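Trainee: Residues per chain, in single letters:
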Amino acid sequence: MSNSVIQINPLREGLGNRAMPEPCTLVIFGATGDLTHRKLVPALYNLAADGALPPAISVVGFARRDKSDEIFRKELEEAARKYSRQTINGELWGSFAASISYHRSEFDDLAGYRSLAERLDGLDAARGTRGNRLFYLAAAPDQFEIILENLRKSGLNRGVNGGWARVIVEKPFGTDLPSARHLNDLVEGSFPEADTYRIDHFLGKETAQNIMVLRFANALFEAMWNARYIDHVQITASEPLGVEGRAGYYDKSGALRDMVQNHLLQLLCLTAMEPPTGLDADAIRDEKVKVLRSLRPLEGKDVARHVIRGQYGAGAINGKRVAAYRDEANVNPESVTETFVALQVNVDNWRWAGVPFFVRVGKRLPKGGTEIAVHFKSVPPVLFKATGEAVDDNVLVIRIQPDEGVSLRMSAKMPGSSLRIEPVKMDFHYGTSFGKATPEAYERLLLDAMSGDPTLFARRDEVEEAWKFVDAIRDAWKADSEDLTFYSSGSWGPAEADELIKRHGTTWRRL
Amino acid sequence: MIEPGLPVEIGRIDKELGRLWESSDDTKTRASLLNLVVYTEEPEALAANTELIAAIASQHAFRAILILADPQAATSGARAWISAHCHLAGKGSRQICSEQITFRLDGESAASLPNIVFSHLDSDLPLCFWSQAEFREPLDEQLWSWVDRLIFDSATWKSPAAQFALTRKIQSLTDGNMVLCDLNWTRLHRWRFALANVFDHSAALACLRKITRVRIECACGQRVKASLLLGWLSVQLGWRLQHLLSKDFFLAPDDQQVAFEISETAAAGISHVELAGAGFCFNLRRADNAEFFHASLQSPGIPDCTMTIGAGYDRASDILLAELSRGGRHPLYAGSLDAISPLLPG
Chain A
7 MSNSVIQINP LREGLGNRAM PEPCTLVIFG ATGDLTHRKL VPALYNLAAD GALPPAISVV
67 GFARRDKSDE IFRKELEEAA RKYSRQTING ELWGSFAASI SYHRSEFDDL AGYRSLAERL
127 DGLDAARGTR GNRLFYLAAA PDQFEIILEN LRKSGLNRGV NGGWARVIVE KPFGTDLPSA
187 RHLNDLVEGS FPEADTYRID HFLGKETAQN IMVLRFANAL FEAMWNARYI DHVQITASEP
247 LGVEGRAGYY DKSGALRDMV QNHLLQLLCL TAMEPPTGLD ADAIRDEKVK VLRSLRPLEG
307 KDVARHVIRG QYGAGAINGK RVAAYRDEAN VNPESVTETF VALQVNVDNW RWAGVPFFVR
367 VGKRLPKGGT EIAVHFKSVP PVLFKATGEA VDDNVLVIRI QPDEGVSLRM SAKMPGSSLR
427 IEPVKMDFHY GTSFGKATPE AYERLLLDAM SGDPTLFARR DEVEEAWKFV DAIRDAWKAD
487 SEDLTFYSSG SWGPAEADEL IKRHGTTWRR L
Chain B
9 MIEPGLPVEI GRIDKELGRL WESSDDTKTR ASLLNLVVYT EEPEALAANT ELIAAIASQH
69 AFRAILILAD PQAATSGARA WISAHCHLAG KGSRQICSEQ ITFRLDGESA ASLPNIVFSH
129 LDSDLPLCFW SQAEFREPLD EQLWSWVDRL IFDSATWKSP AAQFALTRKI QSLTDGNMVL
189 CDLNWTRLHR WRFALANVFD HSAALACLRK ITRVRIECAC GQRVKASLLL GWLSVQLGWR
249 LQHLLSKDFF LAPDDQQVAF EISETAAAGI SHVELAGAGF CFNLRRADNA EFFHASLQSP
309 GIPDCTMTIG AGYDRASDIL LAELSRGGRH PLYAGSLDAI SPLLPG
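Taken in order, these protein sequences are the chains called A and B.
Per the working numbering, residue 7 is the first one in the first sequence, and the count goes up by one each step.
Per the working numbering, residue 9 is the first one in the second sequence, and the count goes up by one each step.
No wet-lab data here; the hints were simulated from the structure.
It is possible that part of the hints are untrue.
[What the hints assert, rightly or not] Below are the DSBU-like pairs computed for lysine-lysine, each with C-alpha atoms no more than 30 Å apart in a straight line: (1) K431(A) x K255(B); (2) K23(B) x K419(A); (3) K508(A) x K373(A); (4) K373(A) x K23(B); (5) K36(B) x K419(A); (6) K177(A) x K296(A); (7) K431(A) x K88(A).
What you are looking at is a predicted structure, and each value in this text was computed from that prediction instead of being measured.
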């Protein structure tokens, strides 16, 4: 884990608000895949362009296909030119590309890992990467087991010469609690928990990180962040897209496992957690786990009452006809996979007693966006009642994407001689106040993993607690498949979802 | 002088700004994160400052208060103008705007600087005061106590030692709470960053404590900047400045002597830093305003290693933007300055 004192570079002091990661070699398993091309390499290039990476860094792509370093670099350059948020500078790319190499091997070939170890030793000497290794599992999840096993057998799971070895695991972290436990056991057999980084890219988003600052750095909000003042919370993740090229995966997964188990429960945890004892990773993750443990289990008949699942039918998005889910390529024509979920979650602790959290996620909805809306309780209906004026409740909205920001709805008197009350919005946009582009989530997360900061990564117990909650819902669905509802593409989901929230006397927010 | 905006009566500035926003269409949004006061006594600087404000307004929302003062003018007078700098936000049609209020203060009116600043601040926002003129005594205690960040550029000073002493005095008026922001130090950030990168290499890091020779080449008149870089190196490596037999050198913690040389060349800015010792020599070079540094590492443990490191830009707007975006204090600045203060002229 830690490095000897001699490896501290005194010239690094005071150069930035965050520590520069130590030189290291990043080994990407599944280096020819989509994630590497679309996200990882553009993120690495942007970090290099921003001066956030030490030049003494190496990137090794590990994959099955036969190709030379040159061809691999060329492919990555094309991808970076296409997907990078910054324009590629030829000279900088040349320098960055010199750090990239390709290692061909089957994932199940131990000899390939042994030769990788030799290669990494050579890179340590040539590029000064100090024996630090970061392994990124960007391959298909069914390959994780063999990769982890071979990393252990080849000794690559240990740092060299006082260096460290860490592993980044991409989601899905299993498909249910038993498989997540199995995967976690496998990871634990090769890397200690402290060196394991489970990526949930939602946590790398600037606004997700801002939730804690908003709550705990503003006395105004935290004092009211409880059941006494808050009526309910709505967490929404909507997208107009269908399954696109992910039908094979999605049809087995569904919205509950694809989005709720990880992203949305993480947002719920950040919204509901108690103030941590400090800003260190475990202090924050301890509080998130407490929230997950406080979730009222949804089991048996409760599921039908509190969880609505839907699947999109044909419809129109942006004026164009789109097919029903069951008519999409590579989808089972009789699929009962949910593309929409709305659920009412209760956090059974002192702070949130009686405050429902309504969570909804769906595909083929009219607008794309992810947000948390905190709805405050109404003022006592006495003062303005006689005037017949309705007073809207205050709503604090934290927009995760797009147009990241925060807005607060409050009531104001309309100018004029009569008393008319209208809702007005105080709006904070990241883009308006802070002109510079916010970095991509993968940039932040890669940098954190290189720097040894696991705060924005999911811990084992978080993942398992989330699965425990989600599995109970799925078990009920398995027992009763009659409750699948259908909604037209381009609508805001099934009418049953509206009924769900209506029981609480409210409606879903209009995004 | 080309008028830097819409002329307004000083007493009506707030009202006129309000009218400006009321009359603009709904696509314009005013934004402000801080107050930036820019004070100059050079008439030709006003246009350049307006351009600078326009350039950085798209990256950093603020209320800019530009003040051109001529305390020596025979006739007294105060004039003001208002304007706005707008840019399109993201891919939408919404424009984000920063306000600019420009003042010209002549003769005795120049003494009303504190009042002009106090009465036109965007309330509750931090105050950054960039003085482009040299500091003079007596110091206005109340004005300086309001300043959160005092920006100046030691590269422009005729008497650096005396001016540094005055900035310390100003800082003491705020119990040390004011942050001193020397743009000359901000310009060094990329050099410090590049040097740190060079020594991230494990074999180079092993040589860091064995350096016995430092050579810095800089442009004529940039000795203060080069000295600050040298001061930073000495603090980070624990070297103490010594003066013996009319010779200056550093003494490392292991009592090894470290010789240094600052030479002036025709290049722009700092162009070359060489750090050497027994059997190794590391060079970091930057051609005039080039986008990249090029480092070469020669040492037995490093097989022919070169590095290309981003050098950023040296335009005034980039430096100011870097300073405004950075926030926080400059923890190493005071120490670096102290380390080489005996070498500073004036």
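Trainee: Evaluate each hint against the coordinates.
Mentor: Hints versus structure:
no.	hint	in the structure
1	K431(A) x K255(B)	68 Å, violated
2	K23(B) x K419(A)	22 Å, holds
3	K508(A) x K373(A)	22 Å, holds
4	K373(A) x K23(B)	40 Å, violated
5	K36(B) x K419(A)	24 Å, holds
6	K177(A) x K296(A)	22 Å, holds
7	K431(A) x K88(A)	37 Å, violated
In summary, the numbered hints that this structure violates are 1, 4 and 7.
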